[in-house]
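Residue numbers (our numbering), protein chains in the order written: chain P, 13 to 448; chain D, 13 to 448; chain V, 13 to 448.
Hints were generated in silico from the structure; no laboratory data involved. Bear in mind that the values here come from a model prediction, so they are computed numbers and not experimental data. A couple of the hints might just be wrong.
[What the hints assert, rightly or not] Incomplete in silico selection of chain P near chain D, CB under 7 Å:
#  : residue
1  : GLY24
2  : ALA84
3  : GLU85
4  : ARG105
5  : SER109
6  : ARG110
7  : LEU113
8  : TYR126
9  : HIS127
10 : GLY128
11 : GLY144
12 : ARG148
13 : LYS155
14 : CYS158
15 : LEU413
[Unchecked claim] Okay, derived cross-link-like pairs now, DSSO-like style, lysine-lysine, Cα gap no bigger than 27 Å in a straight line:
#  : chain 1 : residue 1 : chain 2 : residue 2
16 : D       : LYS390    : P       : LYS155
17 : V       : LYS155    : P       : LYS390
18 : P       : LYS155    : D       : LYS155
19 : V       : LYS225    : D       : LYS155
20 : P       : LYS225    : V       : LYS155
21 : P       : LYS390    : P       : LYS198
For glycine and all other residues, C-beta sits at the position ideal for the given N, C-alpha and C.
Letter by letter, the chains look like this.
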Amino acid sequence: MPDHSGQAADPGSIDALIEAQRPGYSLDQAFYTHPAIFERDRERVFRNHWFMAGHASQIPKAGDYLLFELAAESIILVRDAEGAIHAHYNVCRHRGSRVLLAPAGNARAITCRYHGWTYAPDGSLQAAPRMGADFRPGDHGLKPCCVRIVEGLLFVSLSDDPAPALDDVVAGLAPYLRLHGVADAKLAHRETYAVRANWKLTVENYLECYHCKPAHQEYCGVEIKADKIGDGSPAALARYEARHRVWLARATALGATMPEFGTELPLDVSLPRAQFGAAYRAPLRESYLSATQDGKPAAPLMGGFRDYDGGETALGLGPFTYMLAYNDHAVFFQFVPREAEQSEIVVSWLVHGAAREGVDYDRARLTWLWSVTTEQDKSIIEANAAGIRSSRYEPGPSSLLEYDLDGFRAWYLAVTGPPSRLKRLSRRGGGRYFGI
Amino acid sequence: MPDHSGQAADPGSIDALIEAQRPGYSLDQAFYTHPAIFERDRERVFRNHWFMAGHASQIPKAGDYLLFELAAESIILVRDAEGAIHAHYNVCRHRGSRVLLAPAGNARAITCRYHGWTYAPDGSLQAAPRMGADFRPGDHGLKPCCVRIVEGLLFVSLSDDPAPALDDVVAGLAPYLRLHGVADAKLAHRETYAVRANWKLTVENYLECYHCKPAHQEYCGVEIKADKIGDGSPAALARYEARHRVWLARATALGATMPEFGTELPLDVSLPRAQFGAAYRAPLRESYLSATQDGKPAAPLMGGFRDYDGGETALGLGPFTYMLAYNDHAVFFQFVPREAEQSEIVVSWLVHGAAREGVDYDRARLTWLWSVTTEQDKSIIEANAAGIRSSRYEPGPSSLLEYDLDGFRAWYLAVTGPPSRLKRLSRRGGGRYFGI
Amino acid sequence: MPDHSGQAADPGSIDALIEAQRPGYSLDQAFYTHPAIFERDRERVFRNHWFMAGHASQIPKAGDYLLFELAAESIILVRDAEGAIHAHYNVCRHRGSRVLLAPAGNARAITCRYHGWTYAPDGSLQAAPRMGADFRPGDHGLKPCCVRIVEGLLFVSLSDDPAPALDDVVAGLAPYLRLHGVADAKLAHRETYAVRANWKLTVENYLECYHCKPAHQEYCGVEIKADKIGDGSPAALARYEARHRVWLARATALGATMPEFGTELPLDVSLPRAQFGAAYRAPLRESYLSATQDGKPAAPLMGGFRDYDGGETALGLGPFTYMLAYNDHAVFFQFVPREAEQSEIVVSWLVHGAAREGVDYDRARLTWLWSVTTEQDKSIIEANAAGIRSSRYEPGPSSLLEYDLDGFRAWYLAVTGPPSRLKRLSRRGGGRYFGI
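I would like the entire structure built from these sequences, with the hints used as guidance.
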């Protein structure tokens, strides 16, 4: 399946290519460039898994809405007068116009700007002037999109069928989200980075810290595990373990009562880690209380924390969404497919819902680390995509620090490949996010 | 025929899709997005119908030319020393270069900038230096393009075969063009709006005023029928009819002698309305004399008018061109296909040929209504195109005010579909422009 | 093979199209626009022929490197500590990232910014942290690219197999390069012109001076042969021949000792002119010593010249690279394919290696002629490409001055067509560059 010819691939040839991928190696060029593979991703991946679309605090009042856009889709998330949040495809049932255009706002009635068709927050069609006698408004509501709120986080699924189960996930991840007070948080800042690369390159970049030392100087000044990774010698490991024990004792003493506190979060093995996984809780650099340039706190404490323990919690909230949370703020990363070689990274910073900008936190201080780091990621991801376009690119082997990539790729090939492959997919020990 | 896969459609699958379209509903996604459908549009629609390319007043002197561009084509319209206007493909017969690049100008000889091949206004090759002995200049004239001048309007057809007949059309429409003095007009302003949407969405937008009330506040302040449409109650209709009778009597008294004056222009039913149709003549808002912000005249009276009757005449000049004319100016709308999802709307304002800018008319006043309205149309058409790209888009039903869309779509599917479909196409009562 | 449908061409249909091309005429539209043809060009042309990538003076010190990019490829040319120059594909063997991003610089070790894999200048992998026990560094060096240095010029070939032979070429062309002192030159200026056109249109533009009179006023003021071409009468030819004899005698007297001096460079007929050819050595406009606006020298004498003879030497250094050299500077033209309808023209000006900018030469004076002329070429090439996109484009006949185009096209069709065609390719008398 040559990538450059513009030739379309038949489904069988995609299946054969999937079967030909070598475990422990990066994928063939076509997976990162070919429109036919992107089409399959659309059908098998984007439609069957949950995307985080935002946080409930972004739409606090009746009629408040936000849009979530990926590939060719636009989803409206809107709060009704009773406080419930609904999700709909942003496609008017008249002639298909986007109904709402502004990325966020307040719309007590959802009125299409084009012909004035008006929908209730629950999606039902309330008004459509001058339609014929046989027109049935009840058949022309906005098409619903699966939505689920987990500790204030808004998740949507593009699935036609009943959306994938989420209850086990909630049970597994909610304690960590509650510890960090995510439900009571508010959005302090949000930044979108356009990246000229396939979405899988943006996820792969996130799933490993093998690149942290060469690419992220600022990050390595804040996150202690980067030291560990950077050297890897027995002596470094021993130093890290000692620090870790001190931090763990201190964190527990401070009242972070989660019993499972530790380097790896011991999620119930029945959790569908193919979609949602937990990663770790670990200390920042010695003496750092938060992920800021000087290590001092960035904002008021959140959730269950009574003092700063200098720790970081990492969670995987589905294949496209990840969280890094400190005692005083939480950062969410959304990896959003747009086209075969175009994606977006959306970074959201959350603080305590009562925190006041300029008083309780400074936006620039708060966003420093993940602004500078995501800019670096955009640059290295785009360089990765450029190299993969070469005729001489061939998949290379994973390092010992890229175990999560192998888990991700095994999961990806299973859900996009022939059914037999999905059956063969079994639990693997390596990865933390996709350790299936 | 999935739209996103990059897969090419075979001709049979396009025919099947055409047959599957539901009357009274918008078209399937592929008609607005797929390059293979655009290719069929190119072969069956763009090549077989007339485009208005400009007005004779734009090229008054010998050697004056203008370019008309659509899709990948560029047409030269040039006036010769005897005053005749010729049209040629702007493709040098040597190695294919565009011969003229500036969108308009004067070129006594049409000389290709690349190698100096020089053509007469009639397209014949006059000079081609250093060609071999067997070179026959007579075989290397510019390829001719069908051109026809109707009351000063320049029409071109990309047809290879004899261009579609136009005589009946001229007979049917010329009285209205003469009433408005189009032949003696001049171009006062011209604006091109690039629209990221398929050309059919630009035409559909024009063919209905269902969207006027939600989308065009300024227009609704000027055009009385928008009031009628906006409410639709029996009382509103009665008010409108009363106003209309008053206006009709006044217009007739003012010497607008066209016997058929009325809401609908009674064109001869033998007129090929699939290509050219008449719409209506109707009054503006009460007390408005022209389509200006304050209702006062914009320019000197044109054509047969002896005073302002506050009326507007609407004509369809082929599938891609429409006219709205007032007592003192005429506005032409060209909907120009460029790519599958890229079009242009070109708006031209004509005034009396003797009117002087800054003295007899003010350009900003003259162009106010259709500048602001076309900017709005660009925005809503692009939102329509964006929504149609969603996997959840499905064709929706027309309102009672969108009869012309049904006529347009029936015509479109007939001329692009299998031959049997064209035979089935019969006269329908609904539409004014495409009421075939 | 319609160009606009997005339909992919099967290999057989490309072969049939190649066989259908008419000698002495420009090529069909698809050769200048279709992605499937570009894909064949990539396989058969870009991979099998030499590109000039730069000049050794651009990377004088150990660790100095430059990148050469064409289509989707990026090549690193780097000098090692012993002074040898190596070429590698700029694709990390880990996950495919571009290793170096800046177009030129110094990199004692070639370290991938992404994960820190580090390569020696000879491409061998020196460091790859934290790889598994079974990882074999020796299998993961940068993929080598064929490189050859000819009189200071850096040539690369994308060939998988042994690169095409170059020895005969060197033997044939080296005397001319030595006369002009190319090996001892340095890069004074380099400019890249993005051109929206297929690469073949950029080469065709270079290979004929039929367009010089209509398109290049400045060039025609400097180059005497343009006068000859512009008129072509027996009287003009006689005047030119007389001037030429005077110049030839003077040039010889000045010690330009090359015995073959003359209008046409008599290369050994065994030279594979399909790839490398010589064109001519001819005088500039009378009294002009160099190709400058006022005819005065631009820089110190180079190579074997002891005084200014006012001559110009033209060489073809493969299908993508050409040289024009004067007594005091040499200009190299690289025609670089990027996409089916996107190319670059890279122009490099070389002067004597010891010449100092601002003292021995003025950059603006030096680059004047080929800056202004290449800007003009960009414009006319893009107009050529635009015209060829028309449905009414058809190939046109070559003039008597376009003999090199016929040679180029015959060569191109032979190397991209079915094998039988390559066998039929025989020596032809017409062209100077591709006179095969």
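Outcome of the hint check:
1. Nearest Cβ of chain D to the Cβ of GLY24 of chain P: about 14 Å, over the 7 Å cut. The hint is violated.
2. Residue-level restraint check for ALA84 of chain P holds (minimum Cβ-Cβ distance to chain D is 4 Å; threshold 7 Å).
3. With its C-beta approaching chain D no nearer than about 5 Å, GLU85 of chain P sits inside the 7 Å limit, and its interface hint holds.
4. Evaluation of the ARG105 of chain P hint against chain D yields a held restraint, the C-beta minimum of about 5 Å falling below 7 Å.
5. Look at SER109 of chain P: its Cβ gets to within about 4 Å of chain D, closer than 7 Å, so that hint holds up.
6. For ARG110 of chain P, the shortest C-beta to C-beta distance to chain D is roughly 4 Å, which falls under 7 Å, so the interface hint holds.
7. With a least beta-carbon distance of about 6 Å to chain D, the hint placing LEU113 of chain P at the interface is held under the 7 Å criterion.
8. For the restraint placing TYR126 of chain P at the interface with chain D, the shortest Cβ-Cβ distance is roughly 5 Å, inside the 7 Å limit, so the hint holds.
9. Taking 7 Å as the C-beta contact cut-off toward chain D, the hint placing HIS127 of chain P at the interface holds, the least distance being around 5 Å.
10. The interface hint given for GLY128 of chain P holds, since its Cβ lies 4 Å from the closest Cβ of chain D, which is under the 7 Å cut-off.
11. Interface restraint check for GLY144 of chain P: the shortest CB-CB distance to chain D comes to about 6 Å, inside 7 Å, so the restraint holds.
12. Hint status for ARG148 of chain P relative to chain D: violated, with the closest Cβ pair at about 9 Å, above 7 Å.
13. Interface hint at LYS155 of chain P: satisfied, since its Cβ lies 5 Å from the closest Cβ of chain D, which is below the 7 Å cut-off.
14. Checking CYS158 of chain P against chain D by beta carbon gives a least distance of about 12 Å; that is not within 7 Å, so the hint is violated.
15. Violation of the interface hint for LEU413 of chain P is found here, the shortest Cβ-Cβ separation to chain D being roughly 36 Å, above the 7 Å cut-off.
16. At roughly 26 Å between alpha-carbon atoms, LYS390 of chain D and LYS155 of chain P fall within 27 Å of each other, so this suggested pair holds.
17. Taking the CA atoms of LYS155 of chain V and LYS390 of chain P, the gap is about 26 Å. The hint holds against a cut of 27 Å.
18. Under the criterion of a C-alpha separation no larger than 27 Å, the hint pairing LYS155 of chain P with LYS155 of chain D is inconsistent with the structure, at around 52 Å.
19. Annotation: proposed proximity of LYS225 of chain V to LYS155 of chain D holds, straight-line Cα distance about 25 Å (limit 27 Å).
20. With a CA separation close to 25 Å, the supplied pair LYS225 of chain P and LYS155 of chain V stays within the 27 Å bound.
21. Distance hint between LYS390 of chain P and LYS198 of chain P is fulfilled; the C-alpha atoms sit about 26 Å from each other, no more than 27 Å.
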